[in-house]
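A.B. asks: As a plain string of letters, each chain reads:
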Amino acid sequence: MTTGQTAGKTTRRNVLAGIGAAGMGALAMPALVRARAGMAHVVVIGGGFGGATAANYLRRLDSSVWITVIEPNANFTTCPFSNLYLGGLRDWDSITHGYHGLRGAAIRVLETTAQDVDSVARRVTLADGTVLDYDKLILSPGIDIRWNALEGYDEAAAEIALHAWKAGPQTQALKARLEAMEDGGTFVMSITDGAFRCPPGPYERASMVAHYFKTHKPASKILLLDSKESFSKQGLFQQGWQALYGDMIEWVGQTDDGQVLRVDAQAGEVETAFGTTHRADVLNVVPPQKAGWIADRAGVTDATGWVPVRGSTFESTLVPGIHVVGDATIAAPMPKSAFCANAQGKVVAAVIAAELAGREPPAASFANTCYSLVGPDWGISVAGVYRAEGDTIVEVPDSGGVSPIDADAAFRRAEAEYGASWYAAITADTWDAA
Amino acid sequence: MSRPPRIWISNETPAPGEIVRIRAQVVHPMETGFRFGPDGQPLPENIVTRFQAMLDGELLMEWQPETAVSQNPYIEFTFAALRGGLLRMVWTDDSGDIAEAEQEIVLAG
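Protein chains in written order, with my numbering: chain A, 1 to 434; chain B, 1 to 109.
Here chain A stands alone, though its shape is the one from the complex:
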């Protein structure tokens, strides 16, 4: 954002950047009160793909609005490409992103947790009790685990039978477990059904663990116990698994008694619906999920645990004035993906910028691509284009599709490269200032 800026705007940005650097202590300072006078205040809870994009794009569209992002992590490690970290193809730093880009764009980033939302008084309470007044609120809360929705899987069990479904310490711990496992061991993954973050994620994870085993522990096995009958890009995944890993990966669908109904984390065992017990050397549970808990506090979740939104604006259908983006939302047919969260963040930025300026918001349009890596040189993808029809979201007919099943090695290699380029582009789009 260096072009097209007036000197005056740049000056105000510099002032705001200084406030951001001063952190929360500046909240009580009179100087800050004067700086915000007359400016609309947009608060964004969550600095992941949805929230950071919304903040970043709102700044591009409106140089005067006051923007605060609340995010507990100093740096954000992405779920996309965290499977590549497990496979040894990426290091931790390469999937971790800071907030200097947002701060440089005069967005205040507070490294703390939002504890409560009062949607009537339009206030957010932070962990230390500080209260922020807002004019517009954007929630990008991600997911939380539905503890005990799967028998035996509570917070204590998750320290042993890792989920690693939020990129962070769990992901690093899972890699350590895989590295500590002896050759010839079995990696078992229990996979939930219903709505969950990243539909192809479990199968890419299996692929990357298989790559690690193939190169380090070739006598090991991978058992996928699935609560579903089928899965995202199934034909492409299974073709790639056969070609690259032979029979190392066994997938058991719901009909073949793949649905896990009980986890015994201490014993490293799971039990299926029809009573089969499987023992794991490393057990990974992709558990039932719901919207991140602050969505509950804001009152925007429904009985499903997820957040219904209007497709045209991603405003909550339950609480007017709160926009919600990303994995927390019910946005089907859009999947819960980083690409979708990014696209939704842009739509919300456009809607809020228009509302603050008293204009009609532009028509919403969304796209998604999910790249998955089956092996280092074997990429596959699924893509879709969506638009809003009233409050609902529809897939644009004849848009999108999946990689061809009969593609050659050069095609698969090219898709692996596209995937890496996509990651570089979308993380820059989300966290770097333009």
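Warning: the hint list may mix true and false statements.
Said to hold, decoys possible - Short derived list, chain B residues pointing at chain A, Cβ under 8 Å:
1) 8
2) 72
3) 88
Unchecked claim - Output of the computed footprint for chain B on chain A, the stretches with three or more beta carbons under 8 Å from beta carbons of chain B:
4) 254-263
5) 266-277
Treat the hints as calculated values from the structure; they're not laboratory data. Think of the CB as a built atom: it goes at the ideal place given N, C-alpha and C, for glycine as much as any other residue.
On the provided structure of chain A, position chain B as indicated by the hints.
C.D. replies: Showing chain B alone in chain A's frame:
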């Protein structure tokens, strides 16, 4: 219903009055009759129309799945084990095909 039904029982030898849980699943396409084949003609409806569970010859429960039920229908139900006997489960589909599963239940004590 090419494969035998899969069943699971929480306890084959329950105490009198104990709540027994049953899980049962049959492999079936549950073709709704609403889809069109490659030739443009509707695919004929063929769904499981009836599931019955009988204990010692007496009807415990009946379920009539309809077109909204997905393929390979799965059912889970409970009953109080007031007496023992043969638990018999029968699935019937539109084509007249029948699948059966049996489990002997013996009251403990």
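A.B. asks: A separate judgement is required for each hint: does it hold in the structure or not?
C.D. replies: Tested hints:
For residue 8 of chain B, the shortest C-beta to C-beta distance to chain A is roughly 4 Å, which falls under 8 Å, so the interface hint holds. Hint status for residue 72 of chain B: holds, given a least beta-carbon distance of 5 Å to chain A, under 8 Å. Because the closest C-beta pair between residue 88 of chain B and chain A is about 18 Å apart, greater than 8 Å, the hint is violated. Under the rule that three or more residues need a Cβ within less than 8 Å of chain B, the assignment of the region 254-263 of chain A holds, with 3 such residues.
With 3 residues having a beta carbon nearer than 8 Å to a beta carbon of chain B, the region 266-277 of chain A meets the requirement of three or more and the stated coverage holds.
In this structure, the one hint that does not hold is number 3.
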